[in-house]
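S.K.: For reference, the chains in residue letters:
Number of protein chains: 2
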Amino acid sequence: MKKSDKLVVIGGDAAGMSAASKVRRVQKDREIVVFERGRHTSYAACGMPYYIAGQVGDVDRLIARNPETFRKNQNIDVKVHHEVIRIDTTDNIVMVHDLENGKEFSEAYGELLIATGAVPVKPELPGMDAKGVFSLSILQTGINVYKFIENIKPQTAVIVGGGYIGIEMAEALLERGMKVSLVDMAPQVMATMDPEMAGLITDYMRNEGVEVYLEEKLERLEKGVGGRVSGVVTDKQKLKADLVIIGMGVRPNSDLAKEAGIELGVRNAIRVNKKMQTSVPGVWAAGDCSESHHLITGEPAFIALGTVASKHGVTAGTNISGGDAEFPGVLGTAITKFRDLEIARTGLSEKEAKSLSIECKTAQIEARTRSGYYPGSATVTVKLVVEEASGRLLGGQIVGMQGAGKRIDTIATALTAGMTARNIMDLDLSYAPPFSPVWDPVQIAARKLV
Amino acid sequence: MKKSDKLVVIGGDAAGMSAASKVRRVQKDREIVVFERGRHTSYAACGMPYYIAGQVGDVDRLIARNPETFRKNQNIDVKVHHEVIRIDTTDNIVMVHDLENGKEFSEAYGELLIATGAVPVKPELPGMDAKGVFSLSILQTGINVYKFIENIKPQTAVIVGGGYIGIEMAEALLERGMKVSLVDMAPQVMATMDPEMAGLITDYMRNEGVEVYLEEKLERLEKGVGGRVSGVVTDKQKLKADLVIIGMGVRPNSDLAKEAGIELGVRNAIRVNKKMQTSVPGVWAAGDCSESHHLITGEPAFIALGTVASKHGVTAGTNISGGDAEFPGVLGTAITKFRDLEIARTGLSEKEAKSLSIECKTAQIEARTRSGYYPGSATVTVKLVVEEASGRLLGGQIVGMQGAGKRIDTIATALTAGMTARNIMDLDLSYAPPFSPVWDPVQIAARKLV
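Protein chains in written order, with the numbering used here: chain A, -6 to 443; chain B, -6 to 443.
In case anyone wonders, no lab produced these hints; they're calculated from the structure.
It cannot be assumed that every hint is accurate.
Where chains are identical, the list cannot tell them apart; a pair therefore holds if satisfied intra-copy or between any two copies.
In silico BS3-like cross-links for lysine-lysine, where the CA-CA straight-line distance does not exceed 30 Å [stated by the list, open to error]:
hint, residue 1, residue 2
1, K441, K21
2, K146, K96
3, K344, K233
4, K233, K347
5, K330, K268
6, K172, K330
7, K216, K72
8, K233, K65
9, K233, K267
10, K229, K210
11, K(-1), K21
12, K268, K354
13, K330, K65
14, K115, K146
15, K21, K229
16, K21, K354
17, K216, K146
18, K115, K216
19, K140, K(-1)
20, K172, K(-1)
21, K330, K210
22, K172, K72
23, K267, K441
24, K115, K229
25, K233, K210
The whole structure should be built from the sequences, with the hints applied where relevant.
M.R.: Right, dumping it as structure tokens:
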């Protein structure tokens, strides 16, 4: 019997569908089957807070391409509401649970791509099963939050966790008119940034009306009428809550892979090489369930972001269809905003550099987003971290008003090129009064280091 | 007699004052004299259109530091209304004309820095001496335009020249309620960009109410009541005009240097090496009157921009005060806007690459400034130019709505690092719905090239 070259993909979001689409572009006739346990494919998970805030309108706008389109236009057989429950790498089959009719069946594969994403971290605490307690993961969870707000009209919300999701949801729920509190067990929000930069964010959020409680640990949730959440109890206080968002980070959804004997790596993400191959020949992994390698440390890293997932998918798809591609690596570049405050980071923070015992120097400066005399000119704070000995850039962080955040891309590009602070100072960057001071804030920070 | 180490600087704007300030920081006691023929020092020439538009308020806001401050805080002897009329490099003296009392005197120097800036190109045509015809050069010219508008209340304005100044003045005069026409003899506005990118700008300007006339050559100006301008006559038509702005570019103000036997270079800019030394020992030049070297072509270039002048000044000042610095070179990075349309460029355009006989490939893409579903998401067009053989980036151009323009810095940084389109595609750039699509528009353009 000829070995099947059927490609089976587990997971129908960014990584899985990018890979499947890439394979289809190269191999017109290959059989491609995608199993997705949810209802939706290729959706913008990052858009959920803005949808919940009421800024997007119809939820369909978050969906880049639906299963029907994949089937019709690309001949990719996407089966939604189908959960893969076991992988057998000896016989090259997956066991699938059809969530609509409850039946199980096996599907043989020639090659397998695991793109199962990440799942929210949810501690097992009393009351976590109360109605009105949500984490954001698949699109349906965003829809559920939206519907809950429409139906129940919560007045008070508590967000547990001050990372990207926590900050974006704080903005969204303020937008919906709620009194919003945010609780984090760490002494700062935004664990990926240094404390003094995170402090600027906390100050701004408080100023905009969010109650931010740091160094407080969630202990339990209280239930009220109809099993609905009514309060959040921390180790320090009790907060009233009609709605609770758990944004305590995510972990790779790698249980299936682990049970199949596929090697896991950093933080239990599926171990992959730069080609996105797992430890088992013919089995690939991509997206939030799998590792990346960090361009500065050279070490494996777990970065759950849409940009990375999309690049993972294209890399895997290229290799699966006979090409030769390597994932280029990550810097951990990320951006978000809270109302008018833009927040961005790339590379290593000072904290991270120190934890890796890298001797470093830093500069943190405050400048203006535009020429001081130009309307709308506002504050931006830039922090750069360089290696002490070589002066080579290690990372950067930006917190500031309109136009501040996207400057992180200049730093990320300089970082990738191995530039020093001196090199950054020497860059011929753009200037006009509506966009920048004569020396761009990024260069002002570099100049302070030289 | 001990040779004087007095530093004489001709010109008190960005380059001259950056250099003088740098020297003072290093050499606390050195005698530093600056001659400035105008009234103002260290002003933001780039801010004049916004001042004229009425967006800045008091003109003093454009002045970073005035002569008194330089004298008091930095012990730099700035003499305004003093025009240097001759340089004698044999005897190391300059002849100075005191414009207030009409007297001339000579001043000896140990070292001399020429920072005389650039002057507007003004063709000798009938009627150019009419009242209400302006070029923007020193700050006083901006003040004169502002006063003219306040006093005369012009209804119709004609701008001759569709470069940065022309476009910014078109915005400013629309803002002041005038009917604005713009005339350019070239078949496009923005000569530093490729025609199809420039076309987007023309379309937008026309849509906003500016009458743009291309391939029309200025022939003469008509005078009306009191010697005031009343019309502009081109080779194709006659336009009514109560106010005329001549924005036909600038040329280096290098006549003094030339008469002193100092070597000139490209487009008559003062020839300098990377240290900003002229052909005469002890004589330096910096800013818009002098050459730069272009990082892509390796050739001398004339780039009259505040960012460059400021870097020139710091480089010259470092060397004059005994340090060792080299000007890092230019890419011709520039940015401007017309109302909500942001316009930016760096490196070589396709036109320029072809004129240098560089075989190149290009990609031009249209994308969104933000995720499509996010409020305010709008169009951005990116063009990248790469070397055909190597794939190495040569330049980029961006035209688009809010958030589009500053992306040019990512391209400028990649360009400086010698990156290829593939390298750009692989960059770990920032993404969140309010800032970008998952693939940044710059990367979408790079991907098209790969």
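S.K.: Evaluate each hint against the coordinates.
M.R.: Evaluation of the provided hints:
no.: 1; hint: K441 to K21; result: between (55 Å within a copy, 21 Å between copies)
no.: 2; hint: K146 to K96; result: neither (38 Å within a copy, 81 Å between copies)
no.: 3; hint: K344 to K233; result: neither (34 Å within a copy, 65 Å between copies)
no.: 4; hint: K233 to K347; result: neither (39 Å within a copy, 68 Å between copies)
no.: 5; hint: K330 to K268; result: neither (33 Å within a copy, 43 Å between copies)
no.: 6; hint: K172 to K330; result: within (19 Å within a copy, 40 Å between copies)
no.: 7; hint: K216 to K72; result: neither (37 Å within a copy, 77 Å between copies)
no.: 8; hint: K233 to K65; result: neither (49 Å within a copy, 60 Å between copies)
no.: 9; hint: K233 to K267; result: neither (48 Å within a copy, 66 Å between copies)
no.: 10; hint: K229 to K210; result: within (8 Å within a copy, 77 Å between copies)
no.: 11; hint: K(-1) to K21; result: within (12 Å within a copy, 77 Å between copies)
no.: 12; hint: K268 to K354; result: between (35 Å within a copy, 28 Å between copies)
no.: 13; hint: K330 to K65; result: neither (38 Å within a copy, 43 Å between copies)
no.: 14; hint: K115 to K146; result: within (24 Å within a copy, 67 Å between copies)
no.: 15; hint: K21 to K229; result: neither (60 Å within a copy, 58 Å between copies)
no.: 16; hint: K21 to K354; result: between (53 Å within a copy, 28 Å between copies)
no.: 17; hint: K216 to K146; result: within (17 Å within a copy, 70 Å between copies)
no.: 18; hint: K115 to K216; result: within (17 Å within a copy, 79 Å between copies)
no.: 19; hint: K140 to K(-1); result: neither (39 Å within a copy, 76 Å between copies)
no.: 20; hint: K172 to K(-1); result: neither (52 Å within a copy, 66 Å between copies)
no.: 21; hint: K330 to K210; result: within (25 Å within a copy, 49 Å between copies)
no.: 22; hint: K172 to K72; result: neither (41 Å within a copy, 60 Å between copies)
no.: 23; hint: K267 to K441; result: between (37 Å within a copy, 23 Å between copies)
no.: 24; hint: K115 to K229; result: within (20 Å within a copy, 74 Å between copies)
no.: 25; hint: K233 to K210; result: within (16 Å within a copy, 73 Å between copies)
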